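One line per chain: the protein sequences are A and B, in this order. In short: position in the first sequence from 1, add 1, done, that's my numbering. In short: position in the second sequence from 1, add 2, done, that's my numbering.
Treat the hints as calculated values from the structure; they're not laboratory data. These numbers come from a predicted model, not from an experiment. Cβ coordinates follow ideal geometry from the N, Cα and C atoms, glycine included. Careful: at least some of the hints might be erroneous.
Unchecked claim - Computed from the model, here is a short list of chain B residues facing chain A with C-beta under 7 Å: (1) LYS142; (2) HIS145; (3) SER162; (4) ILE212; (5) GLU254.
Stated by the list, open to error - Straight-line alpha carbon distances no greater than 16 Å define the calculated EDC-like cross-link-like pairs of lysine to aspartate or glutamate that follow: (6) B:LYS190 - A:ASP40; (7) A:LYS29 - A:GLU63; (8) B:LYS190 - B:GLU233; (9) A:LYS4 - A:GLU63; (10) B:LYS142 - A:ASP39; (11) B:LYS189 - A:GLU42; (12) B:LYS15 - B:ASP113; (13) B:LYS201 - B:ASP216; (14) B:LYS142 - A:GLU42; (15) A:LYS4 - A:GLU42; (16) B:LYS26 - B:ASP113; (17) B:LYS10 - B:GLU33; (18) A:LYS25 - B:GLU208; (19) B:LYS291 - B:GLU233; (20) A:LYS29 - A:ASP70; (21) B:LYS142 - B:GLU198; (22) B:LYS28 - B:ASP113; (23) B:LYS189 - A:ASP40; (24) A:LYS29 - A:ASP72; (25) B:LYS142 - A:ASP40; (26) A:LYS29 - A:GLU76.
Claimed, not checked - For each label pair, taking beta carbons as the anchor points, the in silico distance ranges come out as: (27) A:LYS4 - B:ASP261: 21 to 31 Å; (28) B:ASN257 - A:ASP39: 21 to 31 Å; (29) A:THR8 - B:ASP110: 35 to 45 Å; (30) A:THR8 - B:LYS28: 29 to 39 Å; (31) A:HIS16 - B:SER5: 27 to 37 Å.
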Amino acid sequence: MIKKVVTLTNKLGIHVRPASLISKTASKYRSSFIIRKDDMEINGKSVMGIMMLGAGQGTELELVFDGVDEDELMEEIVELFKDKFGEE
Amino acid sequence: MQSLTVKKLFELKQKDFTLTLLTKKKGLSKEIPTPELSRPGLAFAGFTDTYAYDRVQILGETEVKYLNSLEPSKRYDQIKGLFSQFDIPCFIVAKGLMPTKELVFLADEHDIPVLQSRMQTVDLMHGLTVFLQDWFAPSKSIHGTLVDVFGVGILITGSSGIGKSECALELISRGHRLISDDVVHIKKRMDVIIGEANKQLGHFMEIRGIGLIDVETMFGIRSIRMQKRIETQVELIPWRHNMDYERIGLKERFNRIIDIEIPIIYLPVSPGKSIAVIVEVIAMNHMLKVYGHNAAEVFNERVQKEIERKNRIRTYLESDKE
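Required output: the full structure, derived from the provided sequences and hints.
Right, here's the structure in full:
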């Protein structure tokens, strides 16, 4: 299991597009992917869950990866956050 | 759980509890750490060994009259001693009573907010307890879908893509009501677990292949609900050959969700199986059990009775040497 804390840097936060990007990416892997914010814990493979976080710019999220391909999954997800989902 | 400041309590409940602020606004940032209440009569009288100072302090007629009965200088010293010794979150005076001016003055000096309510002491304490218990109730969010089926709150769980939302959609289409899809906020209230919808975002669902759908506009207001007690959990699991599935149902299994045991049913999913109908049956079976009718037990009893009856006849016939 890997835990990683990321900060949202893109202007609009996690809206529909980033949410679907994250869930699509995560769904390619077999490992489980959980996102935690405050006392919320949601499944990173579901668009609804990710959007329910209502995470805006500057929000800190804890990402938890667990499974056989957790390293690759972590790398690709963290890259998405670093890239600001291709946004501003 | 968010922290609760006196300011927040004041803003949220000003109308319900008819609150007015008697002190300056400075003290409002004080935090309320516990959901309990305290009547500080004995503390005012000088007995502070077991004084629950970190609770919301309720001043009723007794406390106010007692303070008024003291000599002004003693009153001042008594209150001052208490305030400098203990970090009190706030006072709420009931019945619209006016506490002695020394209390308000000293509270201002120590940044302790004093609120006044026009409610009766008992009603105020009851209302406050309900509000505080709810605020401090253990809560978390879980991955699953909550549907009200025939009035029974059924939490559908299972791994991603197994068909939770699809099952819920079929239930909705059969006239049942959705509380929340995918993420359910749960809260412990007394000894039940309440699942809540996301109030801001409404009732949306993600159906693979279609995308997002708005349940409320599509199926109407009667297809949704804001909250529901969770009574049974249905865990969808992939069908596997030779797996030991429940066949009789005499023994119930439970899952612990924030300290509360919820009956859980492991439901194997395979293509062509209508999970929604089975979930309806689970709901009805649950209600039957609540009303005292356990199908498995009833059947078992009948079988046993039948065996007993046959035994009786056999012994009779065997002893019949005619």
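Status of each hint after checking the structure:
1. LYS142: Result: holds, 6 Å to nearest chain A Cβ.
2. HIS145: holds, 4 Å
3. SER162: holds, 4 Å
4. ILE212: Given a least distance of 12 Å, the restraint on B:ILE212 is violated.
5. GLU254: At 27 Å from the nearest chain A Cβ, B:GLU254 fails the 7 Å test, so the hint is violated.
6. B:LYS190 - A:ASP40: Distance of about 14 Å is within 16 Å: holds.
7. A:LYS29 - A:GLU63: violated, 20 Å
8. B:LYS190 - B:GLU233: holds, 13 Å
9. A:LYS4 - A:GLU63: holds, 7 Å
10. B:LYS142 - A:ASP39: Given pair B:LYS142, A:ASP39 holds - Cα atoms ~10 Å apart, limit 16 Å.
11. B:LYS189 - A:GLU42: holds, 14 Å
12. B:LYS15 - B:ASP113: Not OK: B:LYS15 and B:ASP113 at ~21 Å, beyond 16 Å, violated.
13. B:LYS201 - B:ASP216: holds, 14 Å
14. B:LYS142 - A:GLU42: Status holds; Cα separation ~7 Å.
15. A:LYS4 - A:GLU42: holds, 13 Å
16. B:LYS26 - B:ASP113: holds, 8 Å
17. B:LYS10 - B:GLU33: holds, 9 Å
18. A:LYS25 - B:GLU208: Between A:LYS25 and B:GLU208 the Cα gap is close to 13 Å, so the pair holds against 16 Å.
19. B:LYS291 - B:GLU233: holds, 12 Å
20. A:LYS29 - A:ASP70: holds, 10 Å
21. B:LYS142 - B:GLU198: Between B:LYS142 and B:GLU198 the Cα gap is close to 11 Å, so the pair holds against 16 Å.
22. B:LYS28 - B:ASP113: holds, 6 Å
23. B:LYS189 - A:ASP40: holds, 12 Å
24. A:LYS29 - A:ASP72: holds, 13 Å
25. B:LYS142 - A:ASP40: Since the Cα atoms of B:LYS142 and A:ASP40 sit roughly 6 Å apart, the hinted pair holds (cutoff 16 Å).
26. A:LYS29 - A:GLU76: Holds. A:LYS29 to A:GLU76 sits at ~13 Å (cutoff 16 Å).
27. A:LYS4 - B:ASP261: 21 to 31 Å: holds, 25 Å
28. B:ASN257 - A:ASP39: 21 to 31 Å: Since B:ASN257 and A:ASP39 have Cβ atoms about 24 Å apart, the given range 21 to 31 Å holds.
29. A:THR8 - B:ASP110: 35 to 45 Å: holds, 41 Å
30. A:THR8 - B:LYS28: 29 to 39 Å: holds, 33 Å
31. A:HIS16 - B:SER5: 27 to 37 Å: Roughly 28 Å apart at Cβ, these two residues keep to the hinted range, so it holds.
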